[in-house]
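Read top to bottom, the protein sequences are chains G and E. Mapping of the first sequence onto the working numbering: residues 345 to 520, in sequence order. Mapping of the second sequence onto the working numbering: residues 345 to 520, in sequence order.
By construction, these hints were calculated from the structure, which means they are not laboratory data.
One copy or two, either will do: identical chains are not told apart, so a pair holds if it fits within one copy or between any two.
Derived EDC-like pairs (lysine to aspartate or glutamate); straight-line CA-CA distance at most 20 Å: (1) LYS456 - ASP400; (2) LYS456 - GLU481; (3) LYS520 - ASP470; (4) LYS456 - ASP441; (5) LYS484 - ASP463; (6) LYS383 - ASP358; (7) LYS484 - ASP470; (8) LYS499 - GLU481; (9) LYS384 - ASP400.
Protein chains: 2
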Amino acid sequence: MKRIAIDMDEVIADIQPKFLDIFEKQVGRRPSEDEYFGKKLYEIPGDENIRSYLFDPGFFGDLPVMEGSQEAVKKLMAHYEIFIVSAAQEFRNSLADKHDWLQQHFPFIHWKNYVFCGDKSLIGTDYLIDDHAFNLETFKGKGLLFSAAHNAYEKRFTRVNDWNEVLAFFEQEQAK
Amino acid sequence: MKRIAIDMDEVIADIQPKFLDIFEKQVGRRPSEDEYFGKKLYEIPGDENIRSYLFDPGFFGDLPVMEGSQEAVKKLMAHYEIFIVSAAQEFRNSLADKHDWLQQHFPFIHWKNYVFCGDKSLIGTDYLIDDHAFNLETFKGKGLLFSAAHNAYEKRFTRVNDWNEVLAFFEQEQAK
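Okay, chain G solo, but in the shape it has when bound (with noise of 0.2 Å):
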């Protein structure tokens, strides 16, 4: 069975909503979707300090779920072992958040396949599907790039919009 390497951040947890409330009560406004197209989150200027709030006990435990995602990885669990593997390794807090996260919405995902890392380099996976462009970089197997904000510009990569373009992509996978 091959396997797929599946990030959480902005793959299966959606951060925006949260970096966004975050900003409109620290600088009083919400910003607009084309201060941060092709940016990372906590880039936007006007609230230099929004990242220290990663750092934080509980930040990473109530994010919602990536519409689809719950139903398209156990499709894919039907063909492919999946594994969870977050660069969760700067933020010693985001741990137990992260593992209490992913028993409470993907139960049906064995702790042994969560990873929680620093360098995805190393994931010796057949498919990663990512926001970040650096960790497909180094990536060995086949890398698809989950659509984010911050990588609008990018085009070195197998590009994925949703959880519906990935489900395609590797239905189309196992018919060659």
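Place chain E on chain G using the hints.
The following block gives chain E in isolation, referenced to the frame of chain G:
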């Protein structure tokens, strides 16, 4: 630069004294070496609940450092990229403890090189130093079995009895 994955418990973190202390506290006597030779430490007859302590917050936070491991890892870092790879995901509360422990005792290893996983078969490094035969069985690179009481009868892998033997092994590898 070739990559070495190094396990934590019973390789760089010495879990044995803590298990023996707990056994002694619960059962009223310290087990003899004969009782745990060739067995997992939590399989010593007398306290069947001893494995449950692994789930407690703090359990992994104050383990002693395995003799010679800090100096040996520093030496290996001159020639190899080192990753710490712990199958920690069964124990949700161990994650922050293990992160803190690494920051305290191995501050010269970057967090980017920490991996907390469940199944080590997806770790794509050149070497793995581990006390568990089941991790070496599925590893695709060269595995080294780090001696522990529980693996005393294991014959299938290159054995290293301590960190001096690890260094001697890699000196030979470099001379090849």
